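Line by line, the protein sequences give chains E, S and X.
Take the first sequence: its letter number 273 is residue 273 in the working numbering, and every next letter is one higher.
Take the second sequence: its letter number 247 is residue 247 in the working numbering, and every next letter is one higher.
Take the third sequence: its letter number 101 is residue 101 in the working numbering, and every next letter is one higher.
Everything labelled a hint here was simulated from the structure, so no lab data went into it.
Treat the hints loosely; a few may be bogus.
Unchecked claim - Calculated cross-link-like contacts (lysine-lysine; reagent style BS3-like; alpha-carbon spacing at most 25 Å):
(1) E:K98 <-> E:K112
(2) E:K161 <-> E:K181
(3) E:K79 <-> S:K98
(4) S:K112 <-> S:K79
(5) E:K98 <-> X:K79
(6) E:K161 <-> E:K79
(7) E:K157 <-> E:K181
(8) S:K79 <-> X:K98
(9) E:K181 <-> E:K269
Every value quoted in this text rests on a predicted model; they were computed, and no experiment measured them.
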Amino acid sequence: MPGKMLENVRATRPLVHNITNYVTVNDCANILLACGGSPIMADDANEVEEITAVCGGLNINIGTLNSRTIEAMLIAGRKANELGHPVVLDPVGAGASKLRTETALRIVREVKLAVIRGNISEIKTLAAGSGTTKGVDADTADAVTEETLERAVAFAKATAKSLGTVIAITGAIDIVTDGEKAYCIRNGHPMMSTITGTGCQLSALTAAYVTANPEHPLEAAAAAVCSMGLAGEIAFRRLTEEDGNSTYRNYIIDAIFRMTPEQLEAGAKYEIR
Amino acid sequence: MPGKMLENVRATRPLVHNITNYVTVNDCANILLACGGSPIMADDANEVEEITAVCGGLNINIGTLNSRTIEAMLIAGRKANELGHPVVLDPVGAGASKLRTETALRIVREVKLAVIRGNISEIKTLAAGSGTTKGVDADTADAVTEETLERAVAFAKATAKSLGTVIAITGAIDIVTDGEKAYCIRNGHPMMSTITGTGCQLSALTAAYVTANPEHPLEAAAAAVCSMGLAGEIAFRRLTEEDGNSTYRNYIIDAIFRMTPEQLEAGAKYEIR
Amino acid sequence: MPGKMLENVRATRPLVHNITNYVTVNDCANILLACGGSPIMADDANEVEEITAVCGGLNINIGTLNSRTIEAMLIAGRKANELGHPVVLDPVGAGASKLRTETALRIVREVKLAVIRGNISEIKTLAAGSGTTKGVDADTADAVTEETLERAVAFAKATAKSLGTVIAITGAIDIVTDGEKAYCIRNGHPMMSTITGTGCQLSALTAAYVTANPEHPLEAAAAAVCSMGLAGEIAFRRLTEEDGNSTYRNYIIDAIFRMTPEQLEAGAKYEIR
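Build the full structure now, drawing on both the sequences and the hints.
Structure follows, in structure tokens:
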């Protein structure tokens with residue numbers, strides 16, 4: 001099934017509008033091209049409606065947000081809703097500041113989302129309507145491990161139901177759920193956390209996948225998560241003893257570029273709960 | 001002749017002021033250093049006149065424009081004109097939104113440009129004073145191919161004449177013309193379109209080339225286009241079966257860094273029409 | 001001693017708040033992760049106090065500054081002071097425009113700084129309260145060489161004393177001083193100047209080092225400078241004849257990622273004056 005989702009990305013070449021942070025924006029653009037999609041970045045309130053209209057999907061990422069871009073996010077989100085385009089939200093750092101928490105919560109309230117992709121702390125912040133995270137990384141206390149998985153799945157399902165969207169919580173084990181069915185995904189490599197923006201990149205990928213598979217947001221988001229993790233595994237195997245996180249970043253995007261539907265189908269490691 | 005143009009870049013190390021988008025800005029800076037130039041990025045209206053004054057050329061790229069940076073583009077452009085510095089415009093996404101189209105047209109009207117570098121859809125938008133493009137990539141219907149080349153050259157020449165600037169239309173075949181003479185360039189590789197910002201990088205390169213060769217804007221722009229395409233060819237030959245667009249991006253900049261005037265002279269594939 | 005400083009970075013994983021330019025921000029984030037720290041980027045005045053409060057240190061870089069971010073720099077700087085967090089200033093392009101010079105001088109006046117890291121022209125601008133630089137690179141006339149070293153050390157010490165902070169002047173020979181003691185560092189490679197943002201990256205690294213070694217800002221800053229230079233040497237040795245500045249950039253970050261305290265201790269080349 002993940003292979004089929006990727007096949008549809010390659011076949012339809014979804015154009016994704018991104019309003020995203022300036023830290024990882026280049027990687028987001030390159031990974032969208034790598035998967036077979038096409039990126040456009042635009043964040044001025046005066047043009048986001050038109051830009052969203054020529055695209056098939058919208059990816060909103062609140063890292064390095066500011067009052068100018070927040071307004072653009074809301075305008076673009078409403079326009080995408082009007083046109084029936086899927087919208088992905090990456091609530092980067094929700095819980096770390098009032099501005100981020102409130103912006104994320106406001107987007108959740110005012111925009112119909114197809115997928116929210118974040119770490120467990122960020123999703124907990126959205127679920128609680130408040131919270132604290134250590135910077136943009138997940139609190140260790142929140143980590144999803146084999147021990148806490150059952151509880152985390154229950155939490156993710158309840159949140160997906162209450163927010164009416166697919167929730168993708170990524171970490172050592174990833175959980176993707178629409179409230180009924182949860183994919184528990186064991187792809188990936190710990191070294192991925194030493195690169196800035198693997199989460200941002202995954203959110204962009206997810207937007208491409210859900211845009212190309214509009215009838216299957218849950219399966220599409222799960223496939224995107226599997227593909228990112230699998231790319232992390234493939235890229236890790238290429239590293240020499242001199243390579244570090246910068247080369248690793250390049251190799252992950254390379255692996256997304258080279259990934260075939262067959263490879264993804266065979267390499268995806270998930271169970272459904 | 002392209003070799004001589006590069007020689008002058010290496011000899012004079014042109015300092016280029018860039019007002020550009022935040023998606024590909026790092027690549028633009030690194031490719032300017034790679035070719036032998038030197039970049040400075042500054043987009044605040046309160047400093048762009050001074051920054052432009054210490055530079056030799058100006059590169060204006062309207063990707064991720066906003067009201068704050070649009071003002072800075074116009075101020076910097078007028079100052080560069082006053083000082084006789086060459087100005088390159090990259091009308092990223094002109095046609096995709098009113099804001100981009102109107103901004104590009106306003107810059108064309110208010111700033112004397114040495115070169116406009118864009119894809120065929122963007123240049124058509126400028127020529128028509130309006131238009132539509134699919135995001136930031138060229139419409140397939142507009143593609144310059146062997147079949148449409150003659151018509152495209154005529155269009156490019158007419159546009160260059162009417163706008164009073166060198167026009168560089170890049171795609172499968174590139175056309176660079178001052179209205180009288182047109183270089184049709186067949187360097188490059190299709191895989192270049194899988195990297196974000198090869199166009200932006202080329203515009204930055206072009207600014208370095210025209211700054212270093214002020215008497216020969218047509219030949220300088222054509223040489224810059226040849227060098228980018230040749231770098232795409234050289235970089236492609238280095239790729240292994242595991243490499244994708246991220247490594248390709250690095251190798252293209254590397255190839256610009258290593259390129260000698262002799263190599264460019266020998267590798268440039270162009271005819272004059 | 002430099003090895004011990006790195007050991008403390010790895011042990012404490014300092015979270016560094018960065019308000020920095022959009023040109024090199026991704027590299028700054030990745031090099032912070034590479035050294036063992038953790039980055040968070042946030043530049044909106046409405047959230048920088050909270051973000052700085054969850055971090056251990058603050059890195060202010062004035063490249064691509066604008067009125068919105070200048071305000072955020074000052075707010076964050078004052079908050080960091082209140083909390084006793086070390087603040088690093090990178091006065092990118094001070095001397096190139098009034099806006100940059102005045103902003104840098106204002107930060108120096110209003111924020112207590114642990115370290116100022118810049119090239120000799122930028123530091124001279126701060127010392128003089130005015131000045132000129134050629135773009136963002138140091139004036140050749142200002143270069144620190146064996147011939148001018150003694151004079152430069154005296155200048156650096158006097159500046160450190162009068163500004164009440166550690167001064168790190170980087171170039172062919174680097175000088176790091178608190179006004180009493182000066183480290184003269186001979187690590188690095190000339191090719192580092194062909195990459196955009198090695199200075200910005202070093203400032204981010206320095207912030208991680210001083211955050212992890214709060215009692216030893218001079219030694220921490222000197223260790224950060226040694227580590228960056230050593231990474232430049234290690235990365236240079238990996239380059240093939242086809243590699244250029246883009247691959248070099250990746251390899252430098254990789255070398256920071258792989259660097260052990262023992263390697264830094266053995267490879268650091270400094271004398272104390």
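Open item on the list: Next pair to validate is K98 (chain E) with K112 (chain E); report whether the Cα-Cα distance is within 25 Å.
Closed with: Given pair K98 (chain E), K112 (chain E) holds - Cα atoms ~22 Å apart, limit 25 Å.
- [ ] Assess, step by step, whether the Cα of K79 (chain E) is no farther than 25 Å from the Cα of K98 (chain S), and give holds or violated.
- [x] Cα-Cα ~16 Å, so holds.
Open item on the list: Check the hint pairing K112 (chain S) with K79 (chain S) against an upper bound of 25 Å on the C-alpha distance.
Closed with: At roughly 11 Å apart (the allowed maximum being 25 Å), K79 (chain S) and K112 (chain S) satisfy the hint.
TODO: Mind checking the alpha carbons of K98 (chain E) and K79 (chain X) for me, to see if they're no more than 25 Å apart?
DONE: holds (16 Å)
Task: Restraint check for K79 (chain S) with K98 (chain X), where alpha carbons must lie at most 25 Å apart - done: Satisfied, since the Cα-Cα distance of roughly 16 Å is no more than 25 Å.
Task: Hinted pair K181 (chain E) and K269 (chain E), Cα distance within 25 Å - done: holds (16 Å)
Open item on the list: Can you confirm whether the C-alpha distance between K161 (chain E) and K79 (chain E) stays at or below 25 Å?
Closed with: holds (24 Å)
Open item on the list: Check the hint pairing K157 (chain E) with K181 (chain E) against an upper bound of 25 Å on the C-alpha distance.
Closed with: holds (8 Å)
Open item on the list: Given the hinted pair K161 (chain E) and K181 (chain E), is their Cα-Cα distance within 25 Å?
Closed with: Distance ~11 Å between K161 (chain E) and K181 (chain E) Cα, so the pair holds.
Violated hints for the displayed structure: none, as all numbered hints are satisfied.
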